[in-house]
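S.K.: Listed below are the residues making up each chain.
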Amino acid sequence: MAKLLPISLAVLVALVPGGEPRPAPAWKNVSWLNIDRPLTLESLRGRVVLLNFWVFTCVNCTNTVPALVEFDRNYRARGLTLIGIHTPEFPPYAGEHDEGNLARALQQRGILYPNAQDNDRATWELYGIEYWPSFVLIDRKGRIRYEGYGEFHLGDAWYREWSHRIEALLAE
Amino acid sequence: MALALGPLAACAVAAPPRPAPVRLEAAVTRAGYRLSLIPAPGARINARLKPVLELTDGTRLQFDAPALTADSGYFAEPPVIGLERRPGRLRGLLRVGVCPAGLNVCESLALPVDQPLPPG
Chain L
1 MAKLLPISLA VLVALVPGGE PRPAPAWKNV SWLNIDRPLT LESLRGRVVL LNFWVFTCVN
61 CTNTVPALVE FDRNYRARGL TLIGIHTPEF PPYAGEHDEG NLARALQQRG ILYPNAQDND
121 RATWELYGIE YWPSFVLIDR KGRIRYEGYG EFHLGDAWYR EWSHRIEALL AE
Chain B
1001 MALALGPLAA CAVAAPPRPA PVRLEAAVTR AGYRLSLIPA PGARINARLK PVLELTDGTR
1061 LQFDAPALTA DSGYFAEPPV IGLERRPGRL RGLLRVGVCP AGLNVCESLA LPVDQPLPPG
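Going down the list, the sequences are from chains L and B.
Residue numbers for the first sequence follow the working numbering, so the first one is 1 and each next one is one higher.
Residue numbers for the second sequence follow the working numbering, so the first one is 1001 and each next one is one higher.
Honestly, the hints are just simulated from the structure, not real lab data.
Quantities reported herein were computed from a predicted structural model and do not represent experimental measurements.
Honestly, I wouldn't trust all of these hints.
Unchecked claim - To give an idea of the interface, some chain B residues facing chain L are shown, with a C-beta separation under 8 Å as derived from the structure:
{"id": "1", "residue": "LEU1068"}
{"id": "2", "residue": "ASP1071"}
{"id": "3", "residue": "GLU1107"}
Unchecked claim - 25 Å max Cα-Cα, derived DMTMM-like pairs, lysine to aspartate or glutamate:
{"id": "4", "chain 1": "L", "residue 1": "LYS28", "chain 2": "L", "residue 2": "GLU99"}
{"id": "5", "chain 1": "B", "residue 1": "LYS1050", "chain 2": "L", "residue 2": "GLU99"}
{"id": "6", "chain 1": "L", "residue 1": "LYS28", "chain 2": "L", "residue 2": "ASP156"}
{"id": "7", "chain 1": "B", "residue 1": "LYS1050", "chain 2": "B", "residue 2": "ASP1064"}
{"id": "8", "chain 1": "B", "residue 1": "LYS1050", "chain 2": "B", "residue 2": "ASP1114"}
{"id": "9", "chain 1": "L", "residue 1": "LYS141", "chain 2": "L", "residue 2": "GLU99"}
{"id": "10", "chain 1": "B", "residue 1": "LYS1050", "chain 2": "L", "residue 2": "ASP72"}
{"id": "11", "chain 1": "L", "residue 1": "LYS28", "chain 2": "L", "residue 2": "GLU42"}
{"id": "12", "chain 1": "B", "residue 1": "LYS1050", "chain 2": "L", "residue 2": "ASP120"}
{"id": "13", "chain 1": "B", "residue 1": "LYS1050", "chain 2": "B", "residue 2": "GLU1077"}
{"id": "14", "chain 1": "B", "residue 1": "LYS1050", "chain 2": "L", "residue 2": "ASP98"}
{"id": "15", "chain 1": "L", "residue 1": "LYS141", "chain 2": "L", "residue 2": "ASP98"}
Unchecked claim - Derived coverage of chain L by chain B (criterion: at least 3 residues anywhere in the stretch with Cβ under 8 Å from a Cβ of chain B; other residues may be distant):
{"id": "16", "segment": "85 to 95"}
{"id": "17", "segment": "128 to 136"}
{"id": "18", "segment": "150 to 157"}
Glycine included, C-beta positions come from ideal geometry on N, C-alpha and C.
Whole structure, please, built from the sequences with the hints as guidance.
M.R.: Right under this line is the structure:
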């Protein structure tokens, strides 16, 4: 698993090559932005889902946002649902838990895809996440097919790799 | 004087031990102490989420520095705080976001601090 690799090698790692995909655990976040009701994993069955664990104070996360916005623009109509799981690093005094601050960050960065506030880190822990930013790609049957972490940019090698993965799952 | 920090909060389960990505240094000043956060070679300290030292008496001290990297994401020099002269030890929890060298991710560290302060 990615968490067992030497840290210097583990920028982005496919988790389940050749293995049996495991079911994605159901998140229970109640506070959402960019959507008028909470999204559930069950309601997304039949769509490919890309979870992005991030926080607006993380430079590596915000540097990756343009690539994610592009994924949303390119693939939403074809069946991808991109979800930001906004997970604070510090306690509430730092302002990351504040819904208004998150709303401003979404607007400033042109993020139109749904975002869940994960202020208690429940979904972060449910998925065993360790780093900002992290990514989990879920297939149409609700199974985790790829996991990875690390900043990437429009057009770079990891952008192309994630594009390839998304397109492969959309084609299934 | 370098103060020892506790184990990394974000260590991977089976990864080999790593040196701490930051160290806390205390220097005596006229008013008390200046605490500096020194990143390990190549590591960068997140400036968008300024490091905080939470003392056991409830005081929160926020590190800062005027010089940032061009993208304003990281400190370009060690962030510092001033601490008034006090007897005894420095006890608390240091929270800092660190982006290790060669790894395009950030870690959030919560590092216990329990060390004597240098004599004034």
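S.K.: State for each hint whether it applies.
M.R.: Here is how each hint holds up against the structure:
no.	hint	in the structure
1	LEU1068	11 Å, violated
2	ASP1071	7 Å, holds
3	GLU1107	6 Å, holds
4	L:LYS28 - L:GLU99	17 Å, holds
5	B:LYS1050 - L:GLU99	20 Å, holds
6	L:LYS28 - L:ASP156	33 Å, violated
7	B:LYS1050 - B:ASP1064	6 Å, holds
8	B:LYS1050 - B:ASP1114	21 Å, holds
9	L:LYS141 - L:GLU99	31 Å, violated
10	B:LYS1050 - L:ASP72	31 Å, violated
11	L:LYS28 - L:GLU42	11 Å, holds
12	B:LYS1050 - L:ASP120	21 Å, holds
13	B:LYS1050 - B:GLU1077	13 Å, holds
14	B:LYS1050 - L:ASP98	17 Å, holds
15	L:LYS141 - L:ASP98	33 Å, violated
16	85 to 95	holds (count 5)
17	128 to 136	holds (count 5)
18	150 to 157	holds (count 3)
In this structure, the hints that do not hold are numbers 1, 6, 9, 10 and 15, in rising order.
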